[in-house]
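**Student:** These protein sequence lines are chains A and B, in that order.
Sequence positions in the first sequence follow my numbering and run 189 to 624.
Sequence positions in the second sequence follow my numbering and run 189 to 624.
You may find that some hints are simply not true.
For chains that are exact copies, the list does not tell them apart, and a pair is met inside one copy or across any two.
[As the list claims (entries may be wrong)] Listed next, the in silico DSS-like pairs over lysine-lysine satisfying Cα-Cα at most 27 Å (straight line):
#1 K384 - K403
#2 K573 - K281
#3 K446 - K339
#4 K197 - K263
#5 K287 - K534
#6 K420 - K355
#7 K355 - K403
#8 K355 - K446
#9 K377 - K362
Simulated from the structure, these hints should not be mistaken for lab results.
Being a predicted model, the structure only gives us computed values, none of them experimental.
2 protein chains.
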Amino acid sequence: MSLSTQPYKGTRDFYPADMRIQQWMFNQMRAAVSRYGYQEYDGPMLEPFELYAAKSGEEIVNQQLYWLMDRGERKMAVRPEMTPTLARMVAGKIHELPKPIRWFSIPNLWRYERPQRGRLREHWQLNVDVLGGDRLLADAEILKLAFDLMKAFGGEKVVSLRVNNRKLIDHFFKNTLGLSAEAALQVTKALDARAKIGEEAYSEWLNKIGVDVSKRDQMETFFHSDFAAIQKLVSCDGVTELTQLFELLEQSGIRQGKEITFDPMIMRGLDYYTGTVFELYDTSPENRRAMFGGGRYDNLVGLFGNHTLSGVGFGMGDVTLRHFLETHKLLPEFESSTDVFVSLPKIENRALAETIAANLREKGLRVITPLEVGSFGSQLKLATKHEARFVILFAETELERGAVLVKDLKTGQQVEVKIEEIGSFQGFSLLRSFNH
Amino acid sequence: MSLSTQPYKGTRDFYPADMRIQQWMFNQMRAAVSRYGYQEYDGPMLEPFELYAAKSGEEIVNQQLYWLMDRGERKMAVRPEMTPTLARMVAGKIHELPKPIRWFSIPNLWRYERPQRGRLREHWQLNVDVLGGDRLLADAEILKLAFDLMKAFGGEKVVSLRVNNRKLIDHFFKNTLGLSAEAALQVTKALDARAKIGEEAYSEWLNKIGVDVSKRDQMETFFHSDFAAIQKLVSCDGVTELTQLFELLEQSGIRQGKEITFDPMIMRGLDYYTGTVFELYDTSPENRRAMFGGGRYDNLVGLFGNHTLSGVGFGMGDVTLRHFLETHKLLPEFESSTDVFVSLPKIENRALAETIAANLREKGLRVITPLEVGSFGSQLKLATKHEARFVILFAETELERGAVLVKDLKTGQQVEVKIEEIGSFQGFSLLRSFNH
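My request is simple: use the sequences and hints to build the entire structure.
**Tutor:** Structural data, given as structure tokens:
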């Protein structure tokens, strides 16, 4: 019986064409985030199970975590998210690290999920966090950065940021509606499911939680309010923070009602976040959904001792991003991975072919030399298959003059170049990988 | 009880300073290998257990493999090596992929090991393989590439390639000494252990295998021969191949006795390789050991059906490489991750600070804006802490003239620059990240 050539369900093989896109996306992320002075970090793929048991959501730990016992009876998990590793690393050098800490990472993460569009068992996720500093200034920086990240991909025109504040939501559920924390959690679940289960089931659910008709009216008003209405309707820290945040963002060119909108429905679960919460949406009709989100959390490092450090951050997945870039045709045309194909018509030409190849590689060019001797025609075919831009051909007449033929496969133009001048041939110097 | 901040035994956290080195090493690898037209690929971290059970060595599968049962009762392994994934992916597109296939990858790999110098539980490994093509031409390309890889790190003067051929070893054990395959395997183990266990135990071991004194003399001669002596002593395919390989390498500037040496002791286990085998050594006295090795294998894709494709490749680990670069002082001085620090003396300056920051970021510069308002002195201190090259200061007199102060923290020089001209300030254009 032979083994399957398929990758494990919910994971992907990256053949060169896909790997090129993946690496390009990662490099764009790195460049965009680096322009804000953020530094890259990484940690191990396996972390102690307890790191997630303590803080990650129940669904993750009980249903989605990949874990194993190592040969020393240590229970280890394949990381399902990066934040616990970030917390551990920051806590480990809490006194040495200059604050604010601006870090990013592009880890691969694992969750046992039923594979479906945009949800895989293995995916990569850009994580960006800032820890310390003035909270609203940090929130504003992260939101601006998130927007600029989409700009780096050419997508700033087709996305919108939606923002809310957990203090406002908490105030509304607790003070306005008088709900317990548990009831509030149930209400958010009902709201989440509303579109799917229909109005009737939704009403029944609210009844069961004990949300009466008058409260339901208040909810309808609240969740359909714009920010001006909320400012009149509610007075609490959440509104104050949002007001200030919008002012700070305006200074950074992120205008309320344009690049960013208030959205009372943005909650991102009730456990984790404590202040600003946000999501970034694709505005195209065929893909109207959250691409990524994040927010402010209170104390990242509490699990590791008596330190306090709050932060704000977000995580953007590679699957969603690639889908977005494809939808909006924002992926570039990738150039071939071969600049020059040095042919090998006879084994006697090999010493010269190697000398030329070495010479061009020293200039930074990506050069292929064939691993079979072959006729003029077969070598041209091979060069085309490799998508080489130039091919170097050896022909008796030119060789006698100490020269070779350089054929540009894009223009079809063919010129004779002296062997000792090959490294400074004009055509090569126009290639992107050429070191000037 | 609080959780530990230490990473799992045998693994590493990559704080920004280490991540920078890691990324630099990977980028140098990518650049060096790309110049030979090799393309990057990757596969999932988890692979079916059977993929390793079939082909990886017994030690790996029984003692070193990390594996788990997923929630669908599928036995999955954390990849301990990349070749099985390469084999699976190549087999999956065997008919579509143009041959020869020149691929590389930089995966992280896991093995349960007793952590010791240079051996960790998680490490990264550059894998380079070429599949198809004329075997000796491919072997020569891989050896030349391995050498050039070290050259890309500035290490070509302190390494030496050592090469052998498994056909020669097999011929010697089988035809010259008349040993069975099992006895030959035992002999290689005894040879491996010789320095450690001493001559007496080594002799006893050989006795036990049934290698008598006359055979032992033949072994002494064989394993102390240079290639000229071997050519006189033995006649077999292995010697023919080595002779041709040395000729091909000479054409590529890799000279026998200089950059590459014949070494009959290079065997790399007896299971896997079938032709050329090699190792690259650090020649410095304090670190005289194999940095990496590889060789030719017969049929990569046999497990996946009735295809045949042979190849040659090697794997180089990040831990060994970094140790090598440190030993020989080949790591560069890394530049700071901040180009410009835009200060924030008063909150009233923020709109201007944001405009300037955005302007400079568009030029590609890495710009930090503080997340706290602070005095002139405290902001200068913060800028220094971030290792910024330039700091932009707002002072009343200059602001009234529509200008700011730009201080070069390296030279101490401070100049007044008009706000609208800040993007074209001469000093910034000298920074590496500036887009011209």
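**Student:** Does each hint hold? Answer for all of them.
**Tutor:** Results for each hint:
1. K384 - K403: within (22 Å within a copy, 81 Å between copies)
2. K573 - K281: between (52 Å within a copy, 16 Å between copies)
3. K446 - K339: Within. Shortest intra-copy distance 15 Å satisfies the 27 Å Cα cut-off; inter-copy 53 Å does not.
4. K197 - K263: both (24 Å within a copy, 13 Å between copies)
5. K287 - K534: between (64 Å within a copy, 19 Å between copies)
6. K420 - K355: Answer is within: at 16 Å inside a copy they meet the 27 Å cutoff, but 86 Å across does not.
7. K355 - K403: within (19 Å within a copy, 84 Å between copies)
8. K355 - K446: This pair counts as within: shortest intra-copy Cα distance 24 Å, inter-copy 71 Å.
9. K377 - K362: Close inside one copy (16 Å), not across copies (73 Å); limit 27 Å.
Consistency with the previously given hints is maintained throughout, with no hint failing.
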